[in-house]
Amino acid sequence: MNEIDFTLVDWSRAQFALTAIYHWFFVPLTLGLSFIVAFMHTIYYKTGKQEWKNMTKFWMKLFGINFAIGVATGIILEFEFGTNWSNYSWFMGDIFGAPLAIEAIMAFFLESTFIAVMFFGWNRVSKKFHVLSSWLVAFGSNISALWILVANAWMQNPVGMRFNPDTVRNEMENFWEVLLSPTAVHKFLHVLTNAYVIGSLFVIGVSAWFLLKNRHVIFAKKSIVIGAVFGLLSSLFLVVTGDGSAHDVAQTQPMKLAAMEGLYDGKEGAGLVAVGILKPGKKAGDDKDEYVFAVKIPQALSYLSYRDLNAFVPGINDLIYGNKEHGIRSTEDRMEKGKIAVKSLANYKKAKDANDSKVAAESLKLLEDNYKDIGYGFLPDKESSVPPVGITFYSFHLMVGLGFYFIIFFILALVYTLKDKIAVKKGFLKLAMWSIALGYIASELGWVVAEVGRQPWTMQDILPTWMSTSHLNTGTVVLTFWLFAALFTILLIAEIKIMLHQIKLGPKEERS
Amino acid sequence: MNFLKRFTSLYIDGFKNQSKLSRRLWLIILIKLFIMFAILKLFLFPNFLNTNFSSDEEKSDHIINVLTNKKSEK
Numbered sequence: 128m129n130e131i132d133f134t135l136v137d138w139s140r141a142q143f144a145l146t147a148i149y150h151w152f153f154v155p156l157t158l159g160l161s162f163i164v165a166f167m168h169t170i171y172y173k174t175g176k177q178e179w180k181n182m183t184k185f186w187m188k189l190f191g192i193n194f195a196i197g198v199a200t201g202i203i204l205e206f207e208f209g210t211n212w213s214n215y216s217w218f219m220g221d222i223f224g225a226p227l228a229i230e231a232i233m234a235f236f237l238e239s240t241f242i243a244v245m246f247f248g249w250n251r252v253s254k255k256f257h258v259l260s261s262w263l264v265a266f267g268s269n270i271s272a273l274w275i276l277v278a279n280a281w282m283q284n285p286v287g288m289r290f291n292p293d294t295v296r297n298e299m300e301n302f303w304e305v306l307l308s309p310t311a312v313h314k315f316l317h318v319l320t321n322a323y324v325i326g327s328l329f330v331i332g333v334s335a336w337f338l339l340k341n342r343h344v345i346f347a348k349k350s351i352v353i354g355a356v357f358g359l360l361s362s363l364f365l366v367v368t369g370d371g372s373a374h375d376v377a378q379t380q381p382m383k384l385a386a387m388e389g390l391y392d393g394k395e396g397a398g399l400v401a402v403g404i405l406k407p408g409k410k411a412g413d414d415k416d417e418y419v420f421a422v423k424i425p426q427a428l429s430y431l432s433y434r435d436l437n438a439f440v441p442g443i444n445d446l447i448y449g450n451k452e453h454g455i456r457s458t459e460d461r462m463e464k465g466k467i468a469v470k471s472l473a474n475y476k477k478a479k480d481a482n483d484s485k486v487a488a489e490s491l492k493l494l495e496d497n498y499k500d501i502g503y504g505f506l507p508d509k510e511s512s513v514p515p516v517g518i519t520f521y522s523f524h525l526m527v528g529l530g531f532y533f534i535i536f537f538i539l540a541l542v543y544t545l546k547d548k549i550a551v552k553k554g555f556l557k558l559a560m561w562s563i564a565l566g567y568i569a570s571e572l573g574w575v576v577a578e579v580g581r582q583p584w585t586m587q588d589i590l591p592t593w594m595s596t597s598h599l600n601t602g603t604v605v606l607t608f609w610l611f612a613a614l615f616t617i618l619l620i621a622e623i624k625i626m627l628h629q630i631k632l633g634p635k636e637e638r639s
Numbered sequence: 019m020n021f022l023k024r025f026t027s028l029y030i031d032g033f034k035n036q037s038k039l040s041r042r043l044w045l046i047i048l049i050k051l052f053i054m055f056a057i058l059k060l061f062l063f064p065n066f067l068n069t070n071f072s073s074d075e076e077k078s079d080h081i082i083n084v085l086t087n088k089k090s091e092k
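Respectively, the protein sequence lines represent chains A and B. Counted the way this note's numbering counts, the first sequence spans residues 128 to 639. Counted the way this note's numbering counts, the second sequence spans residues 19 to 92.
None of these hints come from the bench; they were simulated from the model. Be careful, since some hints might not be right.
[Said to hold, decoys possible] In the DSS-like style, the derived pairs of lysine-lysine whose C-alpha atoms are separated by at most 30 Å in a straight line are:
| hint | chain 1 | residue 1 | chain 2 | residue 2 |
| --- | --- | --- | --- | --- |
| 1 | A | Lys349 | B | Lys38 |
| 2 | A | Lys470 | B | Lys23 |
| 3 | A | Lys255 | B | Lys23 |
[What the hints assert, rightly or not] Computed Cβ-Cβ distance ranges for the label pairs, DEER-style:
| hint | chain 1 | residue 1 | chain 2 | residue 2 | range |
| --- | --- | --- | --- | --- | --- |
| 4 | B | Ser37 | A | Lys548 | 34 to 42 Å |
| 5 | A | Ala613 | B | Leu48 | 17 to 25 Å |
| 6 | A | Met560 | B | Phe21 | 20 to 28 Å |
| 7 | B | Asn70 | A | Ala481 | 21 to 29 Å |
Idealized CB from N, CA, C, for every residue including glycine.
Given these sequences and hints, build the entire structure.
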């Protein structure tokens, strides 16, 4: 037996987390701002007013800076799949390859064609084609995000595939099932609406700075109206998509939901924690209380999870030790089945090599019967099926809290602007500037919930994280971790510096 | 044909008449791509399976060996 180097696994995870977090600093602004630019461009197209052209050009410029600095930062994640996560990449098979190939093709065609028209097209192409290009850039960049999100959703809920023991790969059987799985649909909508909220917060925050400096006042107020309307609609929809995502998690990743809520002992009519602090040192199976304190919304967790106020929501203990009354299998039971699946896979391979078709067929049958638990066969103990509860719980509740704060923030921004009081609300304007950072924090926390909460799996119930890494020299992974940290930090500083410089210059007051 | 000519001239003129900011952004993109592909990918991120195994059969043998022989004890 080969021992697993958990230091290598942890550094590989840290490296992937670092690159994903940095990559996600750039992406949502591109997605959100692209639509805001398209709205402004459309108003200019409809009204022909120069002020809307100036506005479109200014926000388009900031969009361009973010796009240029962020472009291709996601490619590093693909490098890591091939180098650090080769077991996982091979095992995932074409499920990951197909969506990413579509993304690359779409991104290339849309970005190289319509972004060029968007930036170079002023007075060069018809106004109609020009505004259409802005919309195509917005739709194109948003749709190109679809494919990576579909791949991520598939890892959380592997559907539409069949495991091929000869190639040791999961092969896609039904493209539509992969594309339209509820997990993929909810994830796509939730992530996108979150990006629109960030785009809106950015526009309002930057405009707030102009108002505080008493510069470009009309421009700033009009930008705030656009940002506030788009942001309010998006943040309201974010609640709907968040509810859908949590409902889906309850069906497909009950352990993640239990960690999100810090729920150890399952309950009928379970309440949803609105505010709470977890009891430090609480472990599965002990007698400690779950929370130091918790304010709960009665029965809301049951309704959120199963659309039934009295439904039983399993806790961490139910999922580890099983709950016969509610038909929940224990992790121990799943580990036994998983070990049978792993052994059957080994036997199948041996039998195939020895041309023993009878044993191969028997092993294959056993493998297929137990495949859905194969990942549990790799677990060292039943407690290792639990994700880090503290990180998942606090990330989830902070994200949700910020989500509701954004709704109130956008309402206030809209009301103050429509009543023409925004310029004198200095405190609110300062808050608006800080809210840009809050948008990013909420967004990154969402990914922490999704990715930390699904541990120990890279492929839910099928492949744990420590079986997914390549056998590399840990020193190389540590080196590349710091190289990425340096590279991305430089890029982020460059972005902020260039962005701040352009914001300080302000919009050009072109005359028609 | 006329459309193609107009389309290419849009790109040529666009790139010719770029602002200072635009040129700086292109420079950042090029440096970034150089670091990513000519340094990171080439020296630090070889494809593990392609580097160590020459056929798909060897790769799948390796993965099956990892899955059935690795011991996970924390």
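Subject >> Status of the given 20 to 28 Å range, CB of phenylalanine 21 of chain B versus CB of methionine 560 of chain A >> reply: 46 Å, violated
**OP:** Would you check the hint for lysine 349 of chain A and lysine 38 of chain B, treating anything up to 30 Å between C-alpha atoms as holding?
**Re:** Given that 30 Å is the threshold and the Cα spacing comes to 28 Å, the pair holds.
**OP:** For the pair we were handed, lysine 255 of chain A and lysine 23 of chain B, check the Cα-Cα distance against 30 Å.
**Re:** Roughly 20 Å separates the two Cα atoms, so the pair holds.
Subject >> Range hint 17 to 25 Å (beta carbons of alanine 613 of chain A and leucine 48 of chain B) holds or violated >> reply: 19 Å, holds
**OP:** Could you tell me whether the CB distance from serine 37 of chain B to lysine 548 of chain A stays inside 34 to 42 Å?
**Re:** 37 Å, holds
Original post:
Is the straight-line distance between the alpha-carbon of lysine 470 of chain A and that of lysine 23 of chain B 30 Å or less?
Top reply: 64 Å, violated
Original post:
Honestly, do asparagine 70 of chain B and alanine 481 of chain A meet the 21 to 29 Å range at C-beta?
Top reply: Because 26 Å falls inside the window, the suggested range holds.
Hints 2 and 6, counting from the list given before, are not met by this structure.
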